[in-house]
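Trainee: Here is what each chain is made of, one letter per residue.
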Amino acid sequence: MDKLIVSPSPHDENYTKTSTIMLNVIIALLPAWGAAVYFFGMRVIPLTAVCIGSCIFFEYFCRLLMKRSNTIGDLSAVVTGLLLAMNLPVTAPYWMGVIGSFVAIVVVKQLFGGIGQNFANPAITARIVLMVSFPTMSHWIKPLEYDYDAVSSATPLVLAKSGDSLPSYLDLFIGKTGGCLGEVCAAGLLIGGLYLAFRRIISLAAPVSFIGSVFLLSWLGGEDPVYQILAGGLFLGAFFMATDYATTPITTKGKIVFGLGCGIITFVIRRFGTYPEGVSFSILLMNVLTPYIEQLTRTKVLGAKEAAKNEG
Amino acid sequence: MKKLNGIKLKHRKNTENSATVQFPVPETVRIPMSMTMGAPCQPLVKAGDEVRVGQKIGDTDAAFSAPVHSGVSGKVKAITDYRNAMGVVCKMVEIECDGLQTVSDDVKPPVVTDKESFIKAVRESGACGLGGAGFPTHIKLNPKNEIDTLIINAAECEPYITADYREMMENPQDIINGINMVKSQLGIKTAKLAIESNKPEAIKNFTEMADNDDSIDIITLPSAYPQGAEKVIIYNSTGRIVNEGSLPADVGVIVMNVSTVAFLYRYMQTGMPLVTRRLTVDGNAVREPQNVSAVIGTSFREILEFCKADVGSVIKLIAGGPMMGMSVPDIDMPVVKTSNALLAFDHYDERQTSGCIRCGRCVRVCPLGLMPADIDRAYKIKDIEELKKLKVMLCMNCGSCTYVCPANRKLAETNQLAKALIPRK
Numbered sequence: 084m085d086k087l088i089v090s091p092s093p094h095d096e097n098y099t100k101t102s103t104i105m106l107n108v109i110i111a112l113l114p115a116w117g118a119a120v121y122f123f124g125m126r127v128i129p130l131t132a133v134c135i136g137s138c139i140f141f142e143y144f145c146r147l148l149m150k151r152s153n154t155i156g157d158l159s160a161v162v163t164g165l166l167l168a169m170n171l172p173v174t175a176p177y178w179m180g181v182i183g184s185f186v187a188i189v190v191v192k193q194l195f196g197g198i199g200q201n202f203a204n205p206a207i208t209a210r211i212v213l214m215v216s217f218p219t220m221s222h223w224i225k226p227l228e229y230d231y232d233a234v235s236s237a238t239p240l241v242l243a244k245s246g247d248s249l250p251s252y253l254d255l256f257i258g259k260t261g262g263c264l265g266e267v268c269a270a271g272l273l274i275g276g277l278y279l280a281f282r283r284i285i286s287l288a289a290p291v292s293f294i295g296s297v298f299l300l301s302w303l304g305g306e307d308p309v310y311q312i313l314a315g316g317l318f319l320g321a322f323f324m325a326t327d328y329a330t331t332p333i334t335t336k337g338k339i340v341f342g343l344g345c346g347i348i349t350f351v352i353r354r355f356g357t358y359p360e361g362v363s364f365s366i367l368l369m370n371v372l373t374p375y376i377e378q379l380t381r382t383k384v385l386g387a388k389e390a391a392k393n394e395g
Numbered sequence: 117m118k119k120l121n122g123i124k125l126k127h128r129k130n131t132e133n134s135a136t137v138q139f140p141v142p143e144t145v146r147i148p149m150s151m152t153m154g155a156p157c158q159p160l161v162k163a164g165d166e167v168r169v170g171q172k173i174g175d176t177d178a179a180f181s182a183p184v185h186s187g188v189s190g191k192v193k194a195i196t197d198y199r200n201a202m203g204v205v206c207k208m209v210e211i212e213c214d215g216l217q218t219v220s221d222d223v224k225p226p227v228v229t230d231k232e233s234f235i236k237a238v239r240e241s242g243a244c245g246l247g248g249a250g251f252p253t254h255i256k257l258n259p260k261n262e263i264d265t266l267i268i269n270a271a272e273c274e275p276y277i278t279a280d281y282r283e284m285m286e287n288p289q290d291i292i293n294g295i296n297m298v299k300s301q302l303g304i305k306t307a308k309l310a311i312e313s314n315k316p317e318a319i320k321n322f323t324e325m326a327d328n329d330d331s332i333d334i335i336t337l338p339s340a341y342p343q344g345a346e347k348v349i350i351y352n353s354t355g356r357i358v359n360e361g362s363l364p365a366d367v368g369v370i371v372m373n374v375s376t377v378a379f380l381y382r383y384m385q386t387g388m389p390l391v392t393r394r395l396t397v398d399g400n401a402v403r404e405p406q407n408v409s410a411v412i413g414t415s416f417r418e419i420l421e422f423c424k425a426d427v428g429s430v431i432k433l434i435a436g437g438p439m440m441g442m443s444v445p446d447i448d449m450p451v452v453k454t455s456n457a458l459l460a461f462d463h464y465d466e467r468q469t470s471g472c473i474r475c476g477r478c479v480r481v482c483p484l485g486l487m488p489a490d491i492d493r494a495y496k497i498k499d500i501e502e503l504k505k506l507k508v509m510l511c512m513n514c515g516s517c518t519y520v521c522p523a524n525r526k527l528a529e530t531n532q533l534a535k536a537l538i539p540r541k
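So the protein sequences, as listed, match chains A and B.
If you read the first sequence in the working numbering, its first letter stands for residue 84, the second for the next number, and so on.
If you read the second sequence in the working numbering, its first letter stands for residue 117, the second for the next number, and so on.
Since the hints were made in silico from the structure, they are not lab data.
For clarity, every value in this text was computed on a predicted model and none was experimentally measured.
Wrong hints could be hidden among the right ones.
As the list claims (entries may be wrong) - In silico SDA-like cross-links for lysine to any residue, where the CA-CA straight-line distance does not exceed 25 Å:
#1 B/Lys496 - A/Thr380
#2 B/Lys535 - A/Gln378
#3 A/Lys383 - B/Ser339
#4 B/Lys299 - B/Ser362
#5 A/Lys86 - B/Ala201
#6 A/Lys388 - B/Ser443
#7 A/Lys336 - B/Glu502
#8 B/Lys126 - A/Ala280
#9 B/Lys496 - A/Leu194
#10 B/Lys505 - A/Leu194
#11 A/Lys383 - B/Lys119
#12 B/Lys424 - B/Met442
#13 B/Lys118 - A/Ser286
#14 A/Lys383 - B/Thr144
#15 A/Lys86 - B/Ser443
Please put together the full structure from these sequences, using the hints given.
Mentor: Written out as structure tokens, the structure is:
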């Protein structure tokens, strides 16, 4: 014994690391991703690989350029890449995955300080940037028909807006419908979301209030509520993006407010907006409001006196 | 009433069934003059003086303090300066033991006639909270407010430590007698003995012992750290909330450690002051983990060797539990009144700290409902107003936030640093 190591307490720690959490998110995304491979074919795999690969690449070189520690080991770039891929249509060209990754990792995440510091969800922002920039982003194909050039389709929400014939609840639930890779299979997303909740990685406060408020509002608005919650990116957004740690409030109260806000905005866009889908915009808007929600939904400290009394 | 919860830790109570082993009288003892909260004592002896067991060797005029006694007979070798693990410098009395353990004539049961003489006797015993904080007991037992409930803290919520548990198993009658003594001297109506659910045997024994006594409740606390924290144990046993800036006495409660109350009873019977200490010796570098009763002033090195520790391989030594214990900088430091455990490890993996991912685990586990993640942010930009709003001053440094942080951020430490930024009123 030469020297004893002196450090402040506690001297014990648990073994959940940032990478453990991210790995669990990846696992939770796999059922819905697997469904996408089944419904949209093998092209899903290289498209996902491009997104994940370029996210890792951008994360690595951005940190290198900024002379900061290498953070690819925390797996957050992998999660972002996977989520981004799940927000693309299967027909998206590979270069679009690269551009999306650049927006997500470099612009939204690293320029704001890296993990935990981003003001908005990287994958959502990338999806929106791609959506408003490239018309290809709304080129949807029919599931189980792998000829990517010929058969085009519409997402169920577009169908609902135009009044065309709708897919059945079952098709919507298992994912046999048009849409981006990750959003079609509600069942897979539900399994993944519940897995994360079970592992206590996420709280169900935001997903429940998000999905619940969309259900309630569309029901009150005279639409088919079950259809509204199963169609589009609601489950993907609610379970995997409205639960993002960095860009949503910390307290349960805050998470509920966040979820309600997302639900209301989603409903308003779907009902009155020109876009058929409002989930991404609602999450992005609420991301921006998160610091304010946090200010107003802090925890009550045991035995704390009110601030006003304290000033005097 | 919903009980405050906490985090689930591995209990690692490896020594719960090991009966206390008497540590032999060492050749020399080194007794610091500051072992409790409050003012340090001045030595009452000088080099060359003969001392006996139980003789007072340090005291001070300051009220907020506790005197120091010798646990050995022998000759004072020197008075030196000593820097404790907190960095506080005080005097230290080094005594060469003669091994005879001749008891001082001063050791006789104190005469207690009223509350005033009781409190005086408590001070003379040198007692302080034996759970680790070391608050002078005579101050605690003499509040200005009306007290109706005495809570005996037997949570022992930190991993490894079984020192209080052994007191409960070995001297249960002293505990009950001590509770009754404090109750009658202070005119307190009810006592609550609060034990964590991971000590079923103790709960069973005391429930039987207090069966015919309506004034002693046995309370089972959930096994969730930090049940033994004062505010948590008060809330979970009485539902009362100790407000910011208040003391337990303001809500009519006194909280005493279970070993302290048993010691006080024995002191009143024998007059032998606080000169020995039971401590749990454990950790992966200790080959024979056990509970040891040692004279205060014995060096940690000797205790570790006694427990067959491979002293050469120890790189991390903790006085107290792994959650709130102090890192010991020097293996030759002495056992003090508050040493409830000595944990020695031959490895210590310090993980790299990474960016806060705002997962909110720290907020979820804080027993008081603080928001360490936000305090961390406010501290970084030295926003004192924000830190005040976040009530960082209430943090009791239980360490739960640091424990659960996946990014390995030193949140509890940051809270303490943040406290230092806030000017005192």
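Trainee: A/Lys86 and B/Ser443 were given as a pair; does the straight-line alpha-carbon distance stay at or below 25 Å?
Mentor: Given pair A/Lys86, B/Ser443 holds - Cα atoms ~12 Å apart, limit 25 Å.
Trainee: Does the structure keep B/Lys118 and A/Ser286 at a Cα separation of 25 Å or less?
Mentor: Holds, at about 21 Å.
Trainee: Are the Cα positions of A/Lys383 and B/Ser339 separated by 25 Å at most?
Mentor: Roughly 24 Å between the alpha carbons, so the hint for A/Lys383 and B/Ser339 holds.
Trainee: For the pair supplied as a hint, A/Lys383 and B/Thr144, is the alpha-carbon distance within the 25 Å limit?
Mentor: Answer violated: A/Lys383 to B/Thr144 is near 52 Å, above 25 Å.
Trainee: Just to be careful, I want the Cα atoms of B/Lys496 and A/Leu194 compared with a cutoff of 25 Å; is the pair within it?
Mentor: 19 Å, holds
Trainee: What's the verdict on B/Lys299 and B/Ser362, does the C-alpha distance respect the 25 Å limit or exceed it?
Mentor: 22 Å, holds
Trainee: Is the Cα-Cα distance between A/Lys388 and B/Ser443 25 Å or less?
Mentor: 34 Å, violated
Trainee: Between B/Lys424 and B/Met442, is the straight-line Cα distance small enough, at 25 Å or below?
Mentor: 22 Å, holds
Trainee: With a cut-off of 25 Å on the C-alpha distance, tell me whether A/Lys336 and B/Glu502 pass.
Mentor: 20 Å, holds
Trainee: For the pair supplied as a hint, A/Lys383 and B/Lys119, confirm whether the alpha-carbon distance does not exceed 25 Å.
Mentor: 15 Å, holds
Trainee: Quickly compare the C-alpha distance for B/Lys496 and A/Thr380 to 25 Å and report which way the hint goes.
Mentor: 22 Å, holds
Trainee: Check whether the Cα positions of A/Lys86 and B/Ala201 lie no farther apart than 25 Å.
Mentor: The given pair, whose Cα atoms are some 15 Å apart, holds under the 25 Å limit.
Hint violations for this structure: numbers 6, 10 and 14, all remaining hints satisfied.
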